[in-house]
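Undergrad: Spelled out from the first residue to the last, the chains are:
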Amino acid sequence: MSRPPVNTPRLLSERAARIPAAALLAVCLMLVGAEFAYEKHPYFGFDGFFGFYALVGFATVIVAVLLARLLRPMIGRHENHYGEADPGIAELDSEGPTDE
Amino acid sequence: MITHFFNQMPALVVVVPMLAAPLVVLAHRQWAAWLIFVGACWAIFGMAFLLFVEAKIAGQVSYAVGGWAPPFGIQLVIDPFNALVLLLVTGVAALTSLYARASIAAEIVAERGYLVYALLLLCIAGLVGITITGDAFNLFVFLEISSLSSYALIAMGPKRRALLSAFQYLIMGTVGGTFLLIGIGLVFMMTGTLNMADLASRLPPVADTHTVQAALAFIVVGLSLKAALFPLHVWLPNAYTYAPSVVSAFISATATKVAVYAVFRFVFTVFGVDYAFGTLPLGEVLLVLSAIAMIAASLAAIFQTDVKRLLAWSSIAQMGYIVAGFALATPDGISAGLVHLLNHGLIKGALFMAVGALFWRLRGSSINDLAGMGRAMPVTSAAFVVGGLSLIGVPATAGFISKWVLLSALFEAHRYLLVAMLLLASLLSIIYVGRVIEALYFRARPDDVTEHAHGEAPLGMQLATWALIAANIAIGLHATPELGAAQRAAAGLMGGGT
Amino acid sequence: MSDWLGQAIASPALALFFAALLVAVTPRLLHGLWLVGVPAAALALLFALPEGMHGTVSMFGHELSTLRVDGLSRLWGAIFLLSAALTGLYGLNVKDRLQHVASLLYAGSAVGAVLAGDLVTLFLFWEGTAISSVFLIWARRTVRAHIVGVRYLIIQVISGLLLMVGTIIHQRATGSIAFNTLGLDSAGGWLIFLSFGIKAGFPLLHNWIQDAYPEATVYGTVVLSIFTTKLAIYALARGFAGTDLLIPIGAVMTIFPLIFALIENDLRRVLAYCLNNQLGFMVVAIGIGTPLALNGAAAHAVAHILYKGLLFMTMGAVLYRVGTVKASQLGGLYRSMPATTVFCIVGAMASSAVPLFSAFVSKSMIQGALGYEHMAVVWVVLLVAAGLGAIVPGIKVPFFAFFHRDRGYRVKEAPFNMQLAMGATALLCIAVGVFPGALYALLPYEATYNAYTLSHVINQLQLLAFAALAFVLLYAARLFPANVRGLNLDTDWAYRRALPALVERFRQSSVSLRARVMHVFSRNGSRAADWLASAFGLGGAMARTWTTGVMLLWVIVLLALYLVIYY
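As given, the protein sequences belong to chains L, G and Y, one line each in that order. 83 is the number that the working numbering gives to position 83 of the first sequence; each next residue is one higher, with no gaps. 244 is the number that the working numbering gives to position 244 of the second sequence; each next residue is one higher, with no gaps. 473 is the number that the working numbering gives to position 473 of the third sequence; each next residue is one higher, with no gaps.
Hints should not be assumed to be uniformly reliable.
[Unchecked claim] Pairs of lysine to any residue, SDA-like flavour, derived with a Cα cap of 25 Å:
{"#": "1", "chain 1": "Y", "residue 1": "95", "chain 2": "G", "residue 2": "385"}
{"#": "2", "chain 1": "G", "residue 1": "56", "chain 2": "Y", "residue 2": "58"}
{"#": "3", "chain 1": "Y", "residue 1": "95", "chain 2": "G", "residue 2": "455"}
{"#": "4", "chain 1": "L", "residue 1": "40", "chain 2": "Y", "residue 2": "355"}
{"#": "5", "chain 1": "G", "residue 1": "56", "chain 2": "G", "residue 2": "272"}
{"#": "6", "chain 1": "L", "residue 1": "40", "chain 2": "Y", "residue 2": "377"}
{"#": "7", "chain 1": "L", "residue 1": "40", "chain 2": "Y", "residue 2": "453"}
{"#": "8", "chain 1": "Y", "residue 1": "95", "chain 2": "Y", "residue 2": "423"}
{"#": "9", "chain 1": "Y", "residue 1": "95", "chain 2": "Y", "residue 2": "419"}
{"#": "10", "chain 1": "Y", "residue 1": "95", "chain 2": "G", "residue 2": "437"}
{"#": "11", "chain 1": "L", "residue 1": "40", "chain 2": "Y", "residue 2": "455"}
It is worth saying that the hints were derived from the structure and are not from the lab. What you are looking at is a predicted structure, and each value in this text was computed from that prediction instead of being measured.
Assemble the whole structure, with the sequences as input and the hints as a guide.
TA: Dropping the structure here:
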């Protein structure tokens with residue numbers, strides 16, 4: 001059923017992938033523009049600042065991803081670390097394709 | 001005529017199997033021997049049931065053997081406590097009789113088949129006798145009858161190791177019997193009587209003597225040996241593993257249970273709760289030993305590679321549950337111990353029968369042999385699974401009822417450490433039962449099996465196994481009658497006196 | 001005429017048990033009827049039952065009420081039965097009877113537990129879910145699945161035992177076994193709380209979810225993802241609504257699993273971590289305890305079951321066709337599995353709470369309830385979790401499975417019944433988002449809420465769009481954690497590595513201690529040993545006789561012990 005995966009270029013480097021990326025950027029800009037266009041109902045006050053939600057969304061992902069990158073070397077282990085893999089699946093030393 | 005029969009029933013329950021035994025030897029033919037065996041077993045089961053009802057209504061049924069009035073003659077007593085044990089022994093015997101034919105035909109040389117029936121009958125007679133006798137020395141005699149016959153039965157196992165296990169059991173059993181006899185001798189020396197009820201009334205004045213204390217120690221140790229209480233359990237795994245399947249099934253369900261009954265019959269009825277648990281710290285010792293038994297034996301069970309041996313170790317752990325209940329010496333504790341005594345008899349009987357059916361097909365009982373049998377013998381394997389779930393104590397099975405009442409009793413007595421031990425032991429039981437289930441259902445059959453290793457066991461074996469499984473489920477779903485009976489028994493014991 | 005509706009026999013749980021029996025004994029042709037039809041019929045039965053306590057049975061001295069129908073239990077029962085029908089459809093192509101029987105028993109137990117009016121009934125079904133569900137893991141029939149299954153079962157049973165012990169203590173303290181608000185005032189309450197907490201995946205007690213779910217079968221993981229954890233949420237809502245402790249517990253739960261999810265390679269394990277994070281939202285809501293918050297928890301449970309089930313279904317389809325769900329091996333599947341791709345994206349959008357999708361209308365109720373109660377810190381934590389949720393699983397799962405790079409797989413689209421099940425579930429995810437009124441009408445408490453205010457929609461879109469933007473930038477800069485083969489340590493390390501190591505250390509030291517003691521003995525007691533050897537014969541027989549000797553030794557020891565303490 002499955003055959004060994006092959007490495008091909010990442011989708012984002014293809015030209016076609018630039019279109020959705022550009023569209024996303026446009027949406028983001030529109031949503032920033034929308035900040036002027038609606039009445040806010042903040043619960044606390046600080047959540048009524050300009051672009052609060054956009055900032056939270058953006059910052060969260062950046063910080064979390066950087067945190068996760070820090071965490072990986074600490075907790076990352078070989079796939080058969082606990083020695084529970086089934087015979088046959090255990091031979092993972094011949095690493096498959098990597099992502100980088 | 002009918003009333004006459006009813007009056008003689010307590011004696012008949014012992015006499016029928018005892019007389020049937022020589023009859024079986026005379027009959028000699030397999031078929032005839034089996035028919036007599038079945039007839040005798042079902043007859044005493046029926047009588048046991050009638051006696052149970054009678055004891056429930058009247059509170060106690062007493063019978064003077066040969067018309068000699070107690071305390072001089074031998075007395076047979078059936079009260080709510082031993083009526084339940086009697087029901088267990090005869091019930092399992094009746095189902096064993098259905099199971100026995102195919103199993104014995106497969107495992108034992110045809111010429112010796114009748115001997116198994118005869119010995120089983122003697123063993124049944126002995127166990128029934130221990131259960132209902134009201135006489136201390138008489139109890140010893142019946143104990144020896146049941147023991148001697150079970151040594152012989154175990155020795156008939158299909159492997160050569162059976163002989164050695166029987167020999168070990170014989171040595172240990174004889175030591176146990178001797179201890180019991182020494183104990184009985186000591187109390188007789190102090191009181192001049194052997195009747196239990198009479199002993200109970202004559203012991204208190206001399207209770208402070210070292211002789212009586214030593215008597216209690218000898219009796220408890222002697223009977224603990226027969227009951228395989230930790231650390232006197234070492235004979236049991238071999239005996240159960242190498243005995244013929246039908247013998248393992250019968251003995252595991254009844255023999256140790258009857259021995260436990262005898263221990264507590266002596267402790268509660270003869271010596272009295274206040275003496276054994278108040279003046280002397282018997283309860284503490286038994287609780288510690290049973291706690292160790294639960295954990296240590298469960299751990300041992302996990303590492304077994306043979307299913308019969310695994311079940312045997314689990315039995316030792318479960319004896320810990322039972323004794324823990326009794327040793328609390330509270331009404332809740334005693335009834336919980338009694339409930340588990342009955343339920344464990346039903347569980348282990350069913351499991352050993354299921355393993356025996358697998359053995360019948362496979363000629364082996366190691367866990368590896370069982371690989372993939374879930375497909376080859378679906379009905380038997382399903383029986384094992386349900387029995388195993390009951391052993392773990394899964395809701396809607398008898399094992400769950402035991403676990404529940406035991407935990408309740410332990411809580412009431414504020415024994416939180418024992419609660420933790422019991423919970424841990426039930427987790428361990430998941431592992432050892434899970435190992436067998438995994439082999440049955442989730443491993444492939446080895447490629448080299450020939451065609452003959454397929455197909456179910458004979459009807460008789462399945463019928464007996466499933467009858468016990470059904471009893472497990474029935475109790476799990478509707479435990480009220482059993483609990484009521486156990487509570488009556490506990491109230492009777494706490495009240496003292498037979 | 002409708003007298004039987006009040007009896008225990010009218011339980012939808014029994015209907016599912018009966019269906020399990022039918023699956024076990026009837027030919028495969030009829031299985032569709034039992035797997036889909038019976039849950040649907042049981043759903044109708046559930047709505048036919050009048051509100052109140054029914055199905056009283058007496059069991060070992062307790063009066064049990066097996067059928068409590070009220071707003072809360074009816075909603076939970078309904079979503080369980082609905083998802084049982086959907087998963088039944090999804091699993092129709094599975095030939096393995098065992099999985100069907102186990103999943104029906106499992107669903108039946110879960111429904112029975114939800115309808116339980118007392119703690120004993122709850123416990124009975126609680127154990128039922130544990131024991132039936134493990135077969136969905138074992139059914140993968142690999143060595144690893146067996147080990148994982150045992151581990152899973154033990155943790156589930158520990159939860160059950162805690163519930164049992166807690167119930168006994170609670171019953172002894174209060175004299176009642178009714179399953180209503182329990183509170184943390186007593187030891188019994190704490191034990192029950194812990195029992196629920198294990199199944200709800202509280203921090204540090206959570207790891208069984210991520211350990212076990214990804215190791216089950218294609219079909220099994222979908223079924224597992226639905227019942228156990230949401231049953232625990234129900235139990236918390238019933239027994240511990242308004243318990244303040246739940247708020248910090250839930251808040252932690254919403255964040256930390258997502259960090260693990262970011263670096264996890266197995267996509268079903270990613271989903272298991274995200275499942276844990278969504279449970280956090282519900283736990284927080286239960287901790288708040290206002291009618292709006294409890295409605296939010298209930299609504300979110302419904303939405304969550306649907307979209308998480310859908311995501312697990314799509315990953316199951318990928319596993320079924322490709323043979324792996326490791327992100328490092330996957331990519332570009334949109335060419336081969338377009339329908340599955342669409343369903344996965346719908347599930348991801350529903351999970352990310354995009355307006356017009358299901359989680360938007362439920363998650364915002366919880367967020368709103370926090371706002372009304374002025375819990376600013378927790379509100380921010382949940383907002384952060386919601387933003388991060390747009391990346392895992394929102395983008396990570398569909399993107400790395402179906403796009404990213406073309407790995408050259410040219411597989412068939414998922415089987416038809418799987419597509420049908422995924423399609424129906426996807427439709428429900430959208431329907432709940434577009435017509436929230438229908439869901440709101442079923443909610444158990446009185447509270448009005450409108451998710452579709454202009455400000456809310458815009459704010460949510462801002463949150464998600466900028467989160468997505470951050471992802472795109474990180475991905476383009478090659479800063480997003482790469483998918484590499486491997487596993488990540490979690491709390492399971494404690495019992496998979498540390499505990500066995502400790503036991504091994506103990507065993508070794510006791511072995512060496514024994515050796516040292518034996519050494520001393522053999523020097524001083526060598527003459528005795530010689531005597532024993534000569535007395536008991538040949539070396540080979542030594543082991544056997546030795547055992548008998550030990551036995552007798554123990555008899556003596558025990559007798560001496562008794563005599564010593566008696567004198």
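Undergrad: Run every hint past the structure and note whether it holds.
TA: Do the hints match the structure? See the list:
Taken as a hint, the residue 95 (chain Y) and residue 385 (chain G) pair is honoured in the structure, with Cα atoms around 22 Å apart against an allowance of 25 Å. As the CA atoms of residue 56 (chain G) and residue 58 (chain Y) are separated by approximately 22 Å, the hinted pair is consistent with the 25 Å bound. Distance hint between residue 95 (chain Y) and residue 455 (chain G) is fulfilled; the C-alpha atoms sit about 22 Å from each other, no more than 25 Å. Restraint check for residue 40 (chain L) and residue 355 (chain Y): satisfied, since their Cα atoms lie roughly 18 Å apart, inside the 25 Å limit.
The hinted pair formed by residue 56 (chain G) and residue 272 (chain G) meets the criterion: a straight-line CA distance of about 23 Å does not exceed 25 Å. Annotation: proposed proximity of residue 40 (chain L) to residue 377 (chain Y) holds, straight-line Cα distance about 20 Å (limit 25 Å). At most 25 Å may separate the alpha-carbon atoms for a hinted pair to count; residue 40 (chain L) and residue 453 (chain Y) meet this at roughly 10 Å. Taking the CA atoms of residue 95 (chain Y) and residue 423 (chain Y), the gap is about 22 Å. The hint holds against a cut of 25 Å.
For the given pair, residue 95 (chain Y) sits about 17 Å from residue 419 (chain Y) by alpha-carbon distance, which is consistent with the 25 Å threshold. Simply put, residue 95 (chain Y) and residue 437 (chain G) have alpha-carbon atoms about 21 Å apart, close enough for the 25 Å limit, and the pair holds. The suggested pairing of residue 40 (chain L) with residue 455 (chain Y) holds, with an alpha-carbon distance near 6 Å, which does not exceed 25 Å.
Consistency with the previously given hints is maintained throughout, with no hint failing.
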